[in-house]
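Asker: Chain residues, written in single-letter form:
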Amino acid sequence: MSGMEIYATLIAILESGLRLCVPLVFACLAGLWSERSGVVDIGLEGKMLVAAFASAAAAGATNSALIGLGAGIIASIGFALIHGFAAISQRGIQIVSGVAINMLAAGLTALVGNAWYNQGGRTTPLEGNARFQPLVWPGAEAIDQTPIIGPIYAHLISGHSALAYCALAATILSGFVLRRTRFGLRIRAVGENPAAVDTAGVSVTRLRYSAVIIAGVLCGFAGSYLALGQAAGFLTNMTAGKGFIALAALIFAKWRAWPALWACFVFGLLDAVAIRLQGVMVPGIGQIPVQAIQALPYLMTVILLAGFIGKAIPPKASGLPYVKER
Amino acid sequence: MSTPIELPKWADVSLVPILAVIVAFLVAGLVVLGIGENPVKATVLLIQGALGSGEGIGYTLYYATNFIFTGLAVAIAFHAGLFNIGGEGQATMGGLGAALICLNLDFLPWYIVLPLAILGAMAMGALWAFIPGYLQVKRGSHVVITAIMFNFLAATLVVYLLVNVIGKPGSMSPETRVFAASAHLPYMHEALAYFGIKIPKSPLNFSFVLALLASAFVWITVWHTKLGYAIRTVGHSPTAATYAGISIGRITLITMAMSGALAGMLAVNEILGVQGRLLLEFSSGYGFIGIAVALMGRAHPVGIILASILFGMLYQGGTELSFEMPRVTRDMIVAISGLVILFAGALDGLIRRPVAGVFARFLKSGA
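Protein chains in written order, with my numbering: chain U, 370 to 695; chain X, 705 to 1071.
For the record, the hints were derived by calculation from the structure and aren't laboratory data.
On the chain X side, residues computed to face chain U include the following (Cβ under 8 angstroms):
| no. | residue |
| --- | --- |
| 1 | V735 |
| 2 | I739 |
| 3 | R843 |
| 4 | V848 |
| 5 | L857 |
| 6 | Y864 |
| 7 | F992 |
| 8 | R1031 |
| 9 | D1035 |
| 10 | A1050 |
All C-beta atoms, glycine included, are put in the ideal place defined by N, C-alpha and C.
Please work from the sequences and hints to get the whole structure.
Answerer: This is how it looks when you write it as C-alpha cells:
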C-alpha cells in the first residue's frame, strides 16, 4: 500500500468512527446527567430503543426528520419518567427499574413495530426529508482532492448529519452547565450528598427529576440518530448493546463530560476498526479475530473498574434513594 | 412513607406478587387492545395453547425448566443482598462448559459423560459469576456493572470459539457438531415410556427433574443450613453479619458461585436436553426473565416454580397465539416480563402501600 492509500484508509476509519460514536456520546451524556444526580441508569439502552422506534414511526408518517426527532425525545422522556418515578418517588431499586425499562422497550418496539408495519419488526424505509442528511460544508467537494488537509475537511469536519454536530454541542453544554452553573453544582451535590442539598433548602426530588428528564432528552437524540441518521428506519433491537457501551464509556470518563466524548470516540473507533478488519489478512499476524476488538470496551471497563489501571469512583450517592428526615 | 410497609406475611408472599402480575397483565392487555386485537380472546388462545393439549403442557414445563434455573440463580443472590444481572452470560458459559466436555468425551458411556457435562455447565457458570463477585470483594468494582460487561464478554467469546475453534468445519452457521447420543439427556416421553407410561412428545427432558432438585437444594441451603443463615444475615444487615463474625466477602463469593452454577444449568436443559450441540444465543433472554421470575416468586423456591410455570405458559401459549394472531408476536412476553419486573420489583411500593392501607383499616375495625 502506498502512503496515500494508507492515509485514505485512516481517514475512512476515522470518519466511520465519528459516525459510530455519535449515539454513544448522547447516551453517555445521558448517563452522566442521571448518575451525577444520584440516579443509576442502566436503562439507557431501552430509552434509545423507544426513541429510535418513535422517531422512525413519526418521521415516516410526516416525512419530517425534525418531527421524528421530537417524537423520539418525547418517547424517551416518557420512559425516563417511569424510571424517575420508580427511583425517586417510589425509592425502588434503580437497577431493577433499569432492567424493566430495557425489557419493556425491547418487547414493545418489536411487538408494535411488527403489528403496524408487518415487516418483521422493521419500519418502512425512510428517505429524503424523513432522514437527517449529511451536511456538506462549503467548499468540501472542491477541497477534497487537496492532499492531507482536503480529506480531513471533507470527511471528518464536513459531511455529518446535523445530529452529529448536536452531539458536540451537547458535550460542550453539559460540561459547562455541570461545571460552571449553579444548577450544575446542585446536580453534582445531590449525587454526592443529597442531605446537604436538602438542608440548604433545595428540593432533592426536583433536581433528580430534572436530571432524569435531561437524560431522557439525550437518549431521544441518541435513538433518533440511529433510526434517522445512521440507518433509514427502525430495526428490531437496533441499539444492540450501545446503551451498555455508553455506560462503559461513562465509567472510563470517570463521570465527566469531555472525557466522555473521548471515551465514546475511542469506542466508536474500535467498532470502525472491527468492521474494517472483518476477514482481512494482516501481514505477519494473519486474521485478527473481530470479536477480540469488539470485546475490548467491555474488557477494559472491567479492568478499569477493578482499579488495575487508574481508579473510577462513581458519585457517592448514586443508586441510593433519598429519604428525607422528619 | 419512610417506614417499611408492614403486611401480614401471607399477604406479602402471595397477595402482593399476584396483584403485581394482574396489573402487569392489565397493562399488557391495553397494549394488545392498542394494536387492534381482542385481549380476552388472546388470553383464551394463550391458555389453550399452553395447557390445552398434552404436548402444550410438555412445552410449557420445558420452558418453565429454564425459568426455574435462572429464577433460582437470581433469587439466591437476592438473599445475600446481591443482584446477579449476569445470568445470560453465565448460561452462555455454561453451554460452553457442557459442550467442551461433550465434544471431547462423548465416546464414553452416558453415565460418565452426562454428569461431567452437567458439572462442566455448572462450573463455567459459577466461574463467570465468581469473577465479578471476586472483583467486588477484592477490588471494589460493583458486581452489577462487571456482570453486565461479562454478559457481553461471554457472548463475544462464544462467537469467537464457534467461528474459529470448536465450530463444525465447513458449516456456515456457527455451531458445533452434534454430540453423540450418549451425551443427550433423555426426554421425559422417552424416560416414562421405559416405565410403560405414555405421554405426548415434547422437548421436556430430565432437566425438569434436575430443576426441581435444584429448587429443593436452594430451599434447604438458604433456610436450613448454617451457610444459608449467613447468606440471609449478610443480605439483611451486613453490619450485623460483620459483628456476628461472618465474612461478607466469603459469603459474596460463595453465593455468586452458586448463583452462576444455577444459571449455567440453563445449558443443561437447552444444550444437553434439546439441541445436542452448542449454538449461538441459546440463552435468548431467559437470564433476564429470571429476574422477573425471582421477583414474582418472592425469591422462594415454591414461588419460583409457580412463577416459572406461569412464564412457561406465556412462552408456549405465546408461540401458539402468534400463529392464531400474527400481530401478537412472542415479543409480547418480553414486554410482559418488563412489566412484571417493574410492578413486582421497582414499583413494588405502588401495590404494597394500598394493600397495607386496606389491612390497617380492616384490623382497626376488627379490634
